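In order, the protein sequences belong to chains H and B.
Numbering follows the numbering used here, with no gaps: position 225 of the first sequence is 225.
Just add 1000 to wherever you are in the second sequence, counting from 1, and you've got the numbering used here.
The set of hints was computed from the structure by calculation and includes no laboratory data.
In silico DSSO-like pairs for lysine-lysine, Cα to Cα no more than 27 Å straight-line:
#1 B:Lys1365 to B:Lys1181
#2 B:Lys1261 to B:Lys1181
#3 H:Lys141 to H:Lys155
#4 B:Lys1287 to B:Lys1088
#5 H:Lys82 to B:Lys1365
#6 B:Lys1181 to H:Lys155
#7 B:Lys1309 to B:Lys1261
#8 B:Lys1215 to H:Lys82
#9 B:Lys1069 to B:Lys1143
#10 H:Lys82 to B:Lys1216
#11 B:Lys1181 to H:Lys141
#12 B:Lys1261 to H:Lys141
#13 B:Lys1181 to B:Lys1215
#14 B:Lys1223 to H:Lys82
#15 B:Lys1143 to B:Lys1323
#16 B:Lys1168 to B:Lys1261
#17 B:Lys1309 to B:Lys1069
As the structure is a prediction and not an experimental result, all values here were calculated from the model.
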Amino acid sequence: MTAPPVKLHKSWNSRLRALFIRSEAVRGYTLLSPTLIVMAFAMCAPFAILVTMSFWTQHAFEIDTAFTLRNYQAAIDGPIYKALLIRSLWISGTCAIVTVLVSYPMAYYVAFHVHRRKLVWIILMTLPFWTSYLLRVFSWKVILGYNGAINSGLKSLGLIEQPLEFLLYSPTAVVITLAHAWAAFAILPIYVSLEKIDRSLLEAAADLGDGPVVSFLRVTLPLSLPGVIAASLLIFIPTVGDYITPTLVGGPDGIMIANMIQVQFGRVNDWPMGAALAVCMMVVVALISLIYIWVTRKMTERIA
Amino acid sequence: MDSHDLIARIKNRDINRRDLLRGMGAAGLAVAMSPAMPRLAGAAAADQATFFTWGGYDVPEFVPTYIAKHGEPPNFATFGGSEEALTKIRAGYVVDVSHPCNQGIPRWVATGLFQPLDTNQLSNWPDVMPALWNLEGNVIDGKPYMAPVDWGRTSITYRTDLVDLQGKDESWGILWDERYKGRLGMLASGGDAWWCAAIYAGVDFHQIATDENVKKVAALMRKQRPLIRTYTDDTTSLEQALASGELVAAMTWDASAVTLKGQGVPVKFANPKEGALTWVCGAMIHKDAPHPGKAHDIVDALLSTGAGKWLIGENGYGHSNTKSFDLFSDDELAALGLSRNPAEILDAGKFQVPQTQEFETAMNKEFENIKAGF
Chain H
1 MTAPPVKLHK
11 SWNSRLRALF
21 IRSEAVRGYT
31 LLSPTLIVMA
41 FAMCAPFAIL
51 VTMSFWTQHA
61 FEIDTAFTLR
71 NYQAAIDGPI
81 YKALLIRSLW
91 ISGTCAIVTV
101 LVSYPMAYYV
111 AFHVHRRKLV
121 WIILMTLPFW
131 TSYLLRVFSW
141 KVILGYNGAI
151 NSGLKSLGLI
161 EQPLEFLLYS
171 PTAVVITLAH
181 AWAAFAILPI
191 YVSLEKIDRS
201 LLEAAADLGD
211 GPVVSFLRVT
221 LPLSLPGVIA
231 ASLLIFIPTV
241 GDYITPTLVG
251 GPDGIMIANM
261 IQVQFGRVND
271 WPMGAALAVC
281 MMVVVALISL
291 IYIWVTRKMT
301 ERIA
Chain B
1001 MDSHDLIARI
1011 KNRDINRRDL
1021 LRGMGAAGLA
1031 VAMSPAMPRL
1041 AGAAAADQAT
1051 FFTWGGYDVP
1061 EFVPTYIAKH
1071 GEPPNFATFG
1081 GSEEALTKIR
1091 AGYVVDVSHP
1101 CNQGIPRWVA
1111 TGLFQPLDTN
1121 QLSNWPDVMP
1131 ALWNLEGNVI
1141 DGKPYMAPVD
1151 WGRTSITYRT
1161 DLVDLQGKDE
1171 SWGILWDERY
1181 KGRLGMLASG
1191 GDAWWCAAIY
1201 AGVDFHQIAT
1211 DENVKKVAAL
1221 MRKQRPLIRT
1231 YTDDTTSLEQ
1241 ALASGELVAA
1251 MTWDASAVTL
1261 KGQGVPVKFA
1271 NPKEGALTWV
1281 CGAMIHKDAP
1291 HPGKAHDIVD
1301 ALLSTGAGKW
1311 LIGENGYGHS
1321 NTKSFDLFSD
1331 DELAALGLSR
1341 NPAEILDAGK
1351 FQVPQTQEFE
1361 TAMNKEFENI
1371 KAGF
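The following block holds chain H by itself, in its conformation from the complex:
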């Protein structure tokens, strides 16, 4: 019986394997690789194209690829872009607040007062999201319309003589529609953060003499803030760029920055300008989100 020969040179294969076993980072990246590849091709590459294009110029159907900041200059100088961006931020901000306010009680009820079949409740809440986004926007058009459900209802009750025209084709209509369309994205994070709250803290609050209102304000609400913050960001960020809802229910005064971006790529046929506007919008939204996260972190630290 002889001893097995000692390998002096490790093969590449086994060296890689050793690296894989030893290094946690390599293992992590390998596991992440499918996502990373998708991110690289579906997000980073298009984003790089968008940024590059924003420094070009369009002449009729030809694109001049000489570097220029003119599009950004136009985006900053043009009052229309600023006004549309501010309107979009205002609509999305309002929408985030409204959605969180409406979703909080629902999430609260399921977290604290439903004890059996919670999953069914959660599924029921997300039920409207099983239909297409477009269909939901159209149904709001029917509800808010001139002869829509709300107007006919109020009319038959004798509360109004003429249909309320501000319901449809207005920023209000955009806020209502978006708030409904994104509700699930608020309910779920808030529900999760409420569900995590240690119930003994509430008992302790009660034992120490807090009424339900005070214990909600001092215990439940602060502990659920992470969910509220996550929910408001989840709604604010994507709705700034929404263009279907304002197109269908916004009317002339309800159009948002994304509509302007869309027409640059469509009939206005100025892709570089559209790219510059899109980059500006992303930068502004990122800045606002960072400020928001920073402020809320300071606030939660103070509460803690």
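For this one, chain H is given, so just place chain B on it according to the hints.
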């Protein structure tokens, strides 16, 4: 074991674990396979040519002989304005047939993305009115690029019971009337709206691109903007709003008025004293059309009397095939505001004049700003 049997046995609790598993496995397999099945069934549709057309024209009635020949309609894709369509095609969207209008012909041809028609493949070509294809920029080296299909007007559809003309002639002024603030609708594409405003401003179409005239039209459209409830490419929205009384008047094409009249809504398609906007639209084939033969079949179908019957009877548009008009009596045509002689209609209004790409881009940009309130 068929499914009824399985259900009955579950009800009677007369089932063993293995049978239940087998039944559930079959159900699971069926569910997993179901997304694949429509794809198998739909595979045939992918072999059809694609027709990129205006919203509302994407119906089988418009391509009757194509369906007769190939068993099913072509694939439809829609746009809200021809400028949007051209941008998409320029960006690399390859379709077999698209649907531009006379005003865009020189620019569409100049892109080099379209091929001249092989009229030998079009059985209906001899019946097409020559006046409609002999348009500015359409015939190069004796070959036409666009086969004219539909012609008509952009004007105002108004509620006869809600708009008071005060004894005056119909005018584009209806859409600028302060009394109807918030109850007027407009088409969102500059290809219609800007030109109609130019008519109201008294601008000569051959001079529409001069700085002075652009300013004049822009000023008029800015003045109108506070009065407008909605700018939309969706004619159905305008029709519904007119039917409910939400709008009293809107800029539309012939078809909206015909549709609404058919529903018994008291509307009229105005014949403004300044003149309606008139146009001829038609079919162009992409130079890289994946199905050149079927593309010609689509064009031929669009020229057939069947398509004409739908265009005239259901929509009140004119058709390019002389024989289509034989399907209707003079009275019927008069009721639709049509005539056998397109010149009577087209020359009575203001016929669009082709413009440069610079004008199109600048005009669309300005119109977007105006719509947004600037």
